[in-house]
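Enquirer: In order, the protein sequence lines correspond to chains A and B.
In terms of my numbering, the first sequence opens at residue 1 and continues consecutively.
In terms of my numbering, the second sequence opens at residue 1001 and continues consecutively.
Just so you know, not all the hints are guaranteed correct.
To be verified - 30 angstroms max Cα-Cα, derived DSBU-like pairs, lysine-lysine:
{"#": "1", "chain 1": "A", "residue 1": "70", "chain 2": "A", "residue 2": "83"}
{"#": "2", "chain 1": "B", "residue 1": "1061", "chain 2": "A", "residue 2": "71"}
{"#": "3", "chain 1": "A", "residue 1": "9", "chain 2": "A", "residue 2": "83"}
{"#": "4", "chain 1": "A", "residue 1": "57", "chain 2": "B", "residue 2": "1069"}
{"#": "5", "chain 1": "B", "residue 1": "1058", "chain 2": "B", "residue 2": "1069"}
{"#": "6", "chain 1": "B", "residue 1": "1071", "chain 2": "A", "residue 2": "70"}
{"#": "7", "chain 1": "A", "residue 1": "57", "chain 2": "B", "residue 2": "1049"}
{"#": "8", "chain 1": "B", "residue 1": "1071", "chain 2": "A", "residue 2": "57"}
{"#": "9", "chain 1": "A", "residue 1": "9", "chain 2": "A", "residue 2": "71"}
{"#": "10", "chain 1": "B", "residue 1": "1071", "chain 2": "B", "residue 2": "1061"}
{"#": "11", "chain 1": "B", "residue 1": "1049", "chain 2": "B", "residue 2": "1071"}
Claimed, not checked - Residues from chain B shown here face chain A by an in silico Cβ test under 10 angstroms; the list is partial:
{"#": "12", "residue": "1001"}
{"#": "13", "residue": "1004"}
{"#": "14", "residue": "1006"}
{"#": "15", "residue": "1008"}
{"#": "16", "residue": "1025"}
{"#": "17", "residue": "1028"}
{"#": "18", "residue": "1034"}
{"#": "19", "residue": "1039"}
{"#": "20", "residue": "1044"}
{"#": "21", "residue": "1060"}
{"#": "22", "residue": "1061"}
{"#": "23", "residue": "1094"}
Unchecked claim - Counterexamples of contact, computed for chain A against chain B with all Cβ distances above 10 angstroms:
{"#": "24", "residue": "35"}
{"#": "25", "residue": "56"}
{"#": "26", "residue": "80"}
{"#": "27", "residue": "86"}
{"#": "28", "residue": "113"}
No wet-lab data here; the hints were simulated from the structure.
Virtual Cβ for every residue (Gly too), placed ideally from N, Cα, C.
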Amino acid sequence: DGGITQSPKYLFRKEGQNVTLSCEQNLNHDAMYWYRQDPGQGLRLIYYSQIVNDFQKGDIAEGYSVSREKKESFPLTVTSAQKNPTAFYLCASSIVGAGANVLTFGAGSRLTVL
Amino acid sequence: AQSVSQHNHHVILSEAASLELGCNYSYGGTVNLFWYVQYPGQHLQLLLKYFSGDPLVKGIKGFEAEFIKSKFSFNLRKPSVQWSDTAEYFCAVSPDNNNDMRFGAGTRLTVKP
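Same shape as in the complex, but just chain B (with noise of 0.2 angstroms):
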């Protein structure tokens, strides 16, 4: 089955600070590519998603991922954060021919004002 690592467990930023958290996978296949968000208190709930075409994916609240196949990466990024995107993050990596969805350890991250 795939796995997934993501390398940073906290990240502590400014607001406008730029943040990118990474993310590795490892499946010999074709794979589809996500990251979700947890706001405290809050479900967890997608924040972009990559199946096919463009590697560069954009989702909600200016975040985006860039699907670099070769490094079986798919890093998030912001060019400026907020202290509202203080929440859990979390990369996920499914094959693309099943349902079997598997997630990495988490990115907490932490803006402060």
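Just chain A, same shape as in the assembly (with noise of 0.2 angstroms):
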């Protein structure tokens, strides 16, 4: 079956440790996203990638690290930087292309800091 991967499902850190959240679809999809999803604040953008090795800013980049040597993967890094990573992070893929972008989610990492 086609889709998006997210691993691990749930994640605890210590605080200042980084950890990285997995992202791989298998629907040879050329843009992939991270978002953070907060009750009360919708899904905010962390980072998007609309072809390997290129990626852009979101709305809350600030504590954040991605990488895309693969079309496939897509993995995010919350760092000792981020001030507040208790949240759930959902990921997604689409096609590139004017009014081609309708997002597949994945089923989101829950990650808490202890």
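The two chains are supplied separately, each in an independent frame; assemble them into the complex guided by the hints.
Expert: Here you go:
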């Protein structure tokens, strides 16, 4: 089945540690996205990438980093610089092109900082 | 970058009531507009989309939305809601020339049986 796989589903981290969330897709989509979902704030864009080896910052990129070495993979690192990292993180992908960017979402990863 | 405002944070309706959820965006150029829905315990999924043409678009499960360019709005409507429509609804906007997709804060809809 085609889709997006996010792992781990739940993750606990101590303050001061970096953590990497995995996102893999087998939809052959060129564009991939990371969003943070907090109650009452909707989905806020962290980073997105339209092509391999290129990505753009969203509204809340500070304290996060990404890489796009392969078309199917877009890992997100939550660094110790992120002041409030406890959240639900959603990865998505889409075709690139005008009018074509309907997003397919993964199941999400819930990060809790202890 | 574009931004999206959803006016209602939580809407509570009885079954068979009519629904309208507001969505306004700010962006100076041509946009693509979307409504996504997140049912309890499920992935976000597309409800409907507008790219061009008829500003009144129909989606799944009897939902529709109207793009009013002069008001920068894309409100979601359904004439008669069902208990199964209980979910969170998100409006989203992207410029027509790239994939930068921004979402609103979401509206939680509770339908009482």
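Enquirer: Does each hint fit the structure? Answer for all of them.
Expert: Outcome of the hint check:
Of the supplied pair hints, the one linking residue 70 (chain A) and residue 83 (chain A) holds, its CA atoms being roughly 29 angstroms apart against a limit of 30 angstroms. For the suggested pair residue 1061 (chain B) and residue 71 (chain A), the alpha carbons sit about 34 angstroms apart, so the restraint of at most 30 angstroms is broken. For the hint linking residue 9 (chain A) to residue 83 (chain A), the alpha-carbon distance of about 21 angstroms falls within 30 angstroms, and the restraint holds. At roughly 28 angstroms between alpha-carbon atoms, residue 57 (chain A) and residue 1069 (chain B) fall within 30 angstroms of each other, so this suggested pair holds.
With a CA separation close to 17 angstroms, the supplied pair residue 1058 (chain B) and residue 1069 (chain B) stays within the 30 angstroms bound. A C-alpha spacing of about 41 angstroms is found between residue 1071 (chain B) and residue 70 (chain A), which places the hinted pair above 30 angstroms, so the restraint is violated. At roughly 24 angstroms between alpha-carbon atoms, residue 57 (chain A) and residue 1049 (chain B) fall within 30 angstroms of each other, so this suggested pair holds. With a C-alpha separation of about 28 angstroms, the suggested pair residue 1071 (chain B) and residue 57 (chain A) falls inside the 30 angstroms cut-off, and the hint holds.
Restraint check for residue 9 (chain A) and residue 71 (chain A): satisfied, since their Cα atoms lie roughly 22 angstroms apart, inside the 30 angstroms limit. Distance hint between residue 1071 (chain B) and residue 1061 (chain B) is fulfilled; the C-alpha atoms sit about 26 angstroms from each other, no more than 30 angstroms. For the hint pairing residue 1049 (chain B) with residue 1071 (chain B), the CA-to-CA distance comes to about 18 angstroms; that is within 30 angstroms, so the pair holds. Because the smallest distance between the Cβ of residue 1001 (chain B) and any Cβ of chain A comes to about 7 angstroms, under 10 angstroms, the interface hint for this residue holds.
With 10 angstroms as the threshold, the beta carbon of residue 1004 (chain B) comes within range of chain A, its nearest partner Cβ sitting at about 8 angstroms, so the hint holds. Proximity of residue 1006 (chain B) to chain A holds as hinted, the smallest CB-CB distance being about 7 angstroms (cut-off 10 angstroms). Because the beta carbon of residue 1008 (chain B) sits about 12 angstroms from the nearest beta carbon in chain A, more than 10 angstroms, this interface hint is broken. Among the interface hints, the one on residue 1025 (chain B) is violated; its C-beta lies about 13 angstroms from the nearest C-beta in chain A, farther than the 10 angstroms criterion.
The interface hint given for residue 1028 (chain B) is broken, as the beta carbon of that residue sits about 17 angstroms from the closest beta carbon of chain A, more than 10 angstroms. Because the beta carbon of residue 1034 (chain B) sits about 7 angstroms from the nearest beta carbon in chain A, less than 10 angstroms, this interface hint is met. Given the 10 angstroms rule on beta carbons, the hint for residue 1039 (chain B) is violated: about 12 angstroms separates it from the nearest Cβ of chain A. Annotation: interface hint on residue 1044 (chain B) holds; nearest CB of chain A at approximately 4 angstroms, less than 10 angstroms.
With its C-beta approaching chain A no nearer than about 13 angstroms, residue 1060 (chain B) sits outside the 10 angstroms limit, and its interface hint is violated. This hint is violated: residue 1061 (chain B) has a C-beta 17 angstroms from the nearest C-beta of chain A, more than the 10 angstroms allowed. Checking residue 1094 (chain B) against chain A: minimum C-beta separation of about 6 angstroms stays under 10 angstroms; hint holds. Residue-level check failed: residue 35 (chain A) sits 7 angstroms from the nearest beta carbon of chain B, not beyond 10 angstroms.
Chain B draws residue 56 (chain A) into its interface by the beta-carbon criterion, the shortest separation being 7 angstroms against a cut-off of 10 angstroms. Residue-level check passed: residue 80 (chain A) sits 27 angstroms from the nearest beta carbon of chain B, beyond 10 angstroms. For residue 86 (chain A), the requirement that its beta carbon stay farther than 10 angstroms from each beta carbon of chain B is met, with the minimum near 18 angstroms. No Cβ of chain B approaches the Cβ of residue 113 (chain A) within 10 angstroms, the least distance being about 23 angstroms, so the stated non-interface status holds.
Hint check: violations occur at hints 2, 6, 15, 16, 17, 19, 21, 22, 24 and 25; the rest are consistent with the structure.
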